[in-house]
Amino acid sequence: MASADPFDSALDLLRRLNPKDTAANVQRLCSLAPSLTEDLLESVDVPLTIKRDTKTGRDFLCCDYNRDGDSWRSPWSNEFFPAIDDGEGVVPSERVRKMEVKAGEAFDVYRELYFEGGISSVYFWDVDDGFAGCVLLKKSASPSSKSAASWDSIHVFEALDRARTARYKLTSTVILNLGTDAENLGNMDLSGNMVRQVEQDLPVENDGSHVTNIGKMVEDMEGKMRNLLQEVYFGKAKDVVGDLRSIASLSEAKRDKATHQEMINSMSRS
7 MASADPFDSA
17 LDLLRRLNPK
27 DTAANVQRLC
37 SLAPSLTEDL
47 LESVDVPLTI
57 KRDTKTGRDF
67 LCCDYNRDGD
77 SWRSPWSNEF
87 FPAIDDGEGV
97 VPSERVRKME
107 VKAGEAFDVY
117 RELYFEGGIS
127 SVYFWDVDDG
137 FAGCVLLKKS
147 ASPSSKSAAS
157 WDSIHVFEAL
167 DRARTARYKL
177 TSTVILNLGT
187 DAENLGNMDL
197 SGNMVRQVEQ
207 DLPVENDGSH
217 VTNIGKMVED
227 MEGKMRNLLQ
237 EVYFGKAKDV
247 VGDLRSIASL
257 SEAKRDKATH
267 QEMINSMSRS
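Residue numbers (the numbering used here): 7 to 276.
Worth flagging that the hints you see were computed from the coordinates, not collected in a lab.
Virtual Cβ for every residue (Gly too), placed ideally from N, Cα, C.
Errors might be hidden in some of the hints.
Here are the computed distance ranges between Cβ atoms for each label pair [what the hints assert, rightly or not]:
1. Ser-49 with Asp-76: 17 to 25 Å
2. Arg-202 with Thr-60: 33 to 41 Å
3. Asp-226 with Glu-118: 14 to 22 Å
4. Glu-118 with Glu-258: 43 to 51 Å
5. Asp-226 with Gly-198: 15 to 23 Å
6. Asp-132 with Asp-207: 15 to 23 Å
7. Tyr-239 with Ile-90: 34 to 42 Å
8. Ser-153 with Thr-265: 40 to 48 Å
9. Asp-76 with Ala-154: 26 to 34 Å
10. Tyr-239 with Asp-74: 49 to 57 Å
11. Val-133 with Asp-11: 26 to 34 Å
Using the sequences provided together with the hints, build the complete structure.
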């Protein structure tokens with residue numbers, strides 16, 4: 007019998023553990039099996055972490071797509087923090103960097119309109135026959151000392167240039183964490199993630215068209231995933247609570263039962 011692949015076993019283990027603890031569990035697995043570190047960091051989506059760009063004074067989000075070793079590139083200054091000793095690190099070409107800056111400004115407005123706070127970061131990089139990138143959005147809230155919530159969305163895309171069009175491949179992941187430990191409600195933990203993919207061919211006139219197309223695709227995908235999460239998390243919870251405990255009063259329940267019995271009796275007499 008062939009032995010199980012360590013990487014597949016690690017992924018299988020992560021799927022069985024609480025999604026809320028994914029980041030900590032990935033670090034534990036990396037400590038236990040250092041040879042899997044790069045593969046795990048590239049393959050497993052975890053809640054986004056925040057770092058400060060000391061040159062511009064702005065926060066930015068960290069993921070595997072702006073990481074170079076133990077340093078992360080800021081989209082605001084295009085520099086790595088902490089600084090890389092052996093050079094500038096991997097940065098996009100001048101053309102792709104210009105699109106990255108425009109997209110970053112656009113999604114900063116998008117973040118303020120839809121999230122009313124939080125942090126956004128956009129990273130682009132060069133690939134054969136086009137470019138690729140990711141759009142990161144994070145919003146955390148703590149209504150009280152015993153409750154907290156966070157939304158992390160990671161949109162990774164590839165844009166392949168063609169004659170007057172571009173082929174876009176978008177993979178979107180939303181990580182949602184909701185938790186409370188209030189005395190009147192008890193302990194509640196709703197954590198999970200959702201992944202969706204889409205491909206589209208869209209017209210392109212210039213580099214600005216890429217930013218517009220990507221923005222529309224991300225906006226549409228986020229709206230769909232938000233509605234699905236609302237249905238999965240809150241709709242299902244409402245159904246479960248409804249099955250456990252009716253909200254109707256005792257008098258209404260008796261009246262409905264009597265009406266039901268009367269209908270059965272009338273049907274049996276006919």
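The hints, checked one at a time:
no.: 1; hint: Ser-49 with Asp-76: 17 to 25 Å; result: holds (19 Å)
no.: 2; hint: Arg-202 with Thr-60: 33 to 41 Å; result: holds (36 Å)
no.: 3; hint: Asp-226 with Glu-118: 14 to 22 Å; result: holds (19 Å)
no.: 4; hint: Glu-118 with Glu-258: 43 to 51 Å; result: holds (46 Å)
no.: 5; hint: Asp-226 with Gly-198: 15 to 23 Å; result: holds (22 Å)
no.: 6; hint: Asp-132 with Asp-207: 15 to 23 Å; result: holds (21 Å)
no.: 7; hint: Tyr-239 with Ile-90: 34 to 42 Å; result: holds (41 Å)
no.: 8; hint: Ser-153 with Thr-265: 40 to 48 Å; result: holds (42 Å)
no.: 9; hint: Asp-76 with Ala-154: 26 to 34 Å; result: holds (28 Å)
no.: 10; hint: Tyr-239 with Asp-74: 49 to 57 Å; result: violated (36 Å)
no.: 11; hint: Val-133 with Asp-11: 26 to 34 Å; result: holds (28 Å)
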